[in-house]
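Asker: Taken in sequence, the protein lines are chains F and P. Position 100 of the first sequence, counting from 1, maps to 100 under my numbering, and the rest follow consecutively. Add 231 to the 1-based position in the second sequence for my numbering, that's all there is to it.
Think of the hints as simulated: they come from the structure by calculation, not from any bench. Built from N, CA and C at the ideal position, the CB exists for glycine as well. Careful, some of the hints might be misleading.
As the list claims (entries may be wrong) - Each computed DSSO-like pair below joins lysine-lysine, with the alpha-carbon atoms no more than 27 Å apart:
1) P:K447 / F:K47
2) P:K451 / P:K397
3) P:K397 / F:K92
4) F:K223 / F:K18
5) P:K447 / P:K397
6) F:K92 / F:K18
What the hints assert, rightly or not - Over 12 Å on every C-beta distance to chain F, these chain P residues come out as not near it, computed from the model:
7) L235
8) I277
9) D294
10) V316
11) Y318
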Amino acid sequence: MDFSIIAENFDIYIDGLKNTLFLVSISLAAGLIMAIPLAVLRTSAGKVVQAPIRAFVYFFRGTPLLVQMFLVYYGFGQFDVFKESIFWPFFKEAYFCALFTFSLNTCAYTTEIIRGAIETTPHGEIEAARAAGMSTFLMLRRIVLPSAFRRALPAYSNEIIFMLHGSALASVITIIDITGAARIVSSRYYSPYEAFLTAAAFYMVITFTIVFLIKRLEVHWYKHLQPPGST
Amino acid sequence: MLSLHGYGPSIFEGTVLTLEVSFSALMIAMVLGIVGAMSKLSHSSILRTVAQIYTTVIRGVPDLVLMLLVYFGGQVLINQIGPLVGYDEYIDINPFIAGISTIGFIFGAYMTETFRGAILAVNRGQLEAGYAYGMSGGLVFRRIMLPQMVRHALPGFGNNWLVLIKTTALVSIIGLDDMVRKAAMAAGATRMPFTFYVVVAINYLLITTVSIYILKYLEKRYSVGVRRE
Chain F
1 MDFSIIAENF
11 DIYIDGLKNT
21 LFLVSISLAA
31 GLIMAIPLAV
41 LRTSAGKVVQ
51 APIRAFVYFF
61 RGTPLLVQMF
71 LVYYGFGQFD
81 VFKESIFWPF
91 FKEAYFCALF
101 TFSLNTCAYT
111 TEIIRGAIET
121 TPHGEIEAAR
131 AAGMSTFLML
141 RRIVLPSAFR
151 RALPAYSNEI
161 IFMLHGSALA
171 SVITIIDITG
181 AARIVSSRYY
191 SPYEAFLTAA
201 AFYMVITFTI
211 VFLIKRLEVH
221 WYKHLQPPGS
231 T
Chain P
232 MLSLHGYGPS
242 IFEGTVLTLE
252 VSFSALMIAM
262 VLGIVGAMSK
272 LSHSSILRTV
282 AQIYTTVIRG
292 VPDLVLMLLV
302 YFGGQVLINQ
312 IGPLVGYDEY
322 IDINPFIAGI
332 STIGFIFGAY
342 MTETFRGAIL
352 AVNRGQLEAG
362 YAYGMSGGLV
372 FRRIMLPQMV
382 RHALPGFGNN
392 WLVLIKTTAL
402 VSIIGLDDMV
412 RKAAMAAGAT
422 RMPFTFYVVV
432 AINYLLITTV
442 SIYILKYLEK
452 RYSVGVRRE
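Okay, chain P solo, but in the shape it has when bound (with noise of 0.2 Å):
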């Protein structure tokens, strides 16, 4: 069996903050999500055309490249603001709170052309058929379009989901303790970075082996009212 000369439970510490990453950065995505798919949708075009800069230039910039500047360029510009609203002490920037945002600025991209083409995929006469029975807009959302959007969005979310667990490895690289960077600690110390590495491998593998069983549940029971061909 492996031994972890002590590093075990400070490796699971790390799993626990890469988990704590990953469901935050997703719960900024999918709100960036679907406010992005409704202005893709929507009838300004100013908003179209902010949602669709947005999307193109996420699929144009690597992740690394963007946290880079989100976590340096916010700690320029936060230290030139703040002596502007009268604070005079140096601010650092909390490496949690750079690393959430720009993996769920990411992914919120990402969720955005996955939530709009769910939302064009339900049936237009549907929700036609909702607001003449009187529903209101929230009610025809709620009961109609909510149900069958997700059943449409469940694989495209998956999918999602399991690339950012993969993208929250790069926090370890702006010196948030995830369990890349335990395991490069605990690595130093013993002189094993091979061992080290492959646990923190096992434990993604675990990690989305796990999301791939449970979204495969919730895909089942979305589609229980679909026939299947």
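Looking at chain F on its own, in the form it has when it is part of the complex (with noise of 0.2 Å):
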């Protein structure tokens, strides 16, 4: 093994991880911001509202992501009205396909989780807010996301390192992320073992620094509930 051509092409790694952290922070800050809404609507709305939702749900979360990206990136292009249309200069570009493929299959796997934290709010929580006189606007606000938040936390995390891994995948489609970078490298120089086992690394580095930073969170947000005295 030689190291060296890794440390050569160091700064197409660079480019990859810039990438790779673009493309994953944007699709999930616009999946959580759709999820909220869906996640409401989703546990109080009537079945006509909640139809819709389910279905997107299901077609997002039973569908591999690779599958759900060619369908963007190479489908759309099939349908002329389409490609007359004012969407079309952004649906031609891979970067735009993948940021909006990973945007909503993240918005699908946060509306389940955020709905299922908000199933569990314990019904005296909602009985307090209501007998406070609160409007159902200010209760969800103050009383039911904040605490569905911090029960989502977990799942969430996971999501989050789903959504990294998941983002490997844009490479598939031409766009140069960490696991792009590493594709150029191996077929540049016959060399996969190096090219790919540095890309492993990067995502390994990435992977334990969002766990840990997830684990200062807990403990920041989980302080009222820790016994007194204990950190």
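Please assemble the complex out of the two chains, which come individually in their own frames, going by the hints.
Answerer: Here it is, written out as structure tokens:
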């Protein structure tokens, strides 16, 4: 094994790292922002409103991310009407297609996570909020959502890791993320070991950094649940 | 109705291959999962450390990167070892083997955690009672551990299976003719990518939906003896 190849091409990996971090953070942010209202509707709205949300979640959780990405990147171009629309300049770019697919995918998973957390809100908390005369919106903002986020955090941290790992698929549609960088180096020097092991190391460092940060956040958020005197 | 321009049978072949990959990888994952869980719960600190490293590495690295590493890296490795043992021809690594072993290896780590939890959930006292009756270790495992372990393992196992099926889509990237790749070829020939990827998506939905129903039935069956709240 010869890791000097990696040292010489390190800037490709750094570009890849930037792309990976950008794709993952934007998708997660967009997915989360869309997931909150969807989860609220999913727990409170009527059947007619719930049906399309259910269908959306069912589709995105039941099919592979790769197929979803191909459907958007290759599939949308099948329709001439779409090609002439104002959306086409965006959807002909691989980068935008990856962002679009990842956001919807993580949104579907996050909707389910938050829905589960909202549904397990203790009845007493809701009754107390009602008794204090809060409107539904105020109750959501002050009582239901903050406590739901706390309960959702462990599952959501898994979702963040899944999104990071899923983002490696972007390399399949020509985007140079960390995996894409590894594929370039691998094929240029015929050195798959060095190239992919380096990529693996990058992902591991990111994964464990995220895990560490979430542990810190958990300590902060669950402070009121700790027995007095500890930590 | 959807017109597939005669590519229906080809997509069907791909679906069969997807199922073959899924089941083969599941077998490998279950074997690795049991070995991993036993190692994590064993008295040997070396086994525990190895199992810990295994599950940690898998959680930290994307499945696609592992698959490319096994496929391309394995290719180089085999052709370096080949001449050393007196085999001079170029050896092509079989993408089916590379695919199922990578997916099996990845999900073996997830199964390790599932089985470990399930083993820990079985009441110690019952195992001791088994030994007190003079049962051998194997008999205690078969009669007492296994039936109860299955119940605790099923929900986690089911989740792993559903994720595994979707992960098999990655084998299309290393050139295996699963349904995603068959759809890509049909899409290229007919210029109807949307149609074919939708068909593939529906196939995945069918497979996962049927799986969910079977898993629900099994969960019900294995918890017959348990009182529900």
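Asker: Under the criterion that the straight-line Cα-Cα distance not exceed 27 Å, is the pair K447 of chain P, K47 of chain F satisfied?
Answerer: holds, 24 Å
Asker: Going straight from one Cα to the other, do K92 of chain F and K18 of chain F come out at no more than 27 Å?
Answerer: Status holds; Cα separation ~22 Å.
Asker: K447 of chain P and K397 of chain P: Cα distance at most 27 Å?
Answerer: holds, 19 Å
Asker: Over 12 Å from every CB of chain F: does Y318 of chain P meet that, or does the non-interface label fail?
Answerer: The claim holds: Y318 of chain P sits with its nearest Cβ about 20 Å from chain F, beyond 12 Å.
Asker: Below or equal to 27 Å on CA atoms is what counts here, so check K223 of chain F against K18 of chain F.
Answerer: Distance of about 34 Å is beyond 27 Å: violated.
Asker: Next pair to validate is K451 of chain P with K397 of chain P; report whether the Cα-Cα distance is within 27 Å.
Answerer: Given that 27 Å is the threshold and the Cα spacing comes to 25 Å, the pair holds.
Asker: Over 12 Å to the closest beta carbon of chain F is the bar; see if I277 of chain P clears it.
Answerer: Given a closest Cβ separation of 22 Å, the condition holds.
Asker: Going by Cβ atoms, does L235 of chain P stay more than 12 Å from chain F at every point?
Answerer: Per Cβ check, L235 of chain P is outside 12 Å of chain F; nearest 14 Å; holds.
Asker: Examine each Cβ of chain F, and state whether all of them lie more than 12 Å from the Cβ of V316 of chain P.
Answerer: V316 of chain P clear of chain F: closest Cβ-Cβ about 20 Å, beyond 12 Å.
Asker: Would you assess whether D294 of chain P, listed as outside the interface, keeps its beta-carbon beyond 12 Å of every beta-carbon in chain F?
Answerer: violated, 6 Å
Asker: Are the Cα atoms of K397 of chain P and K92 of chain F separated by 27 Å or less?
Answerer: holds, 26 Å
Of the numbered hints stated above, those contradicted by the structure are hints 4 and 9, listed in ascending order.
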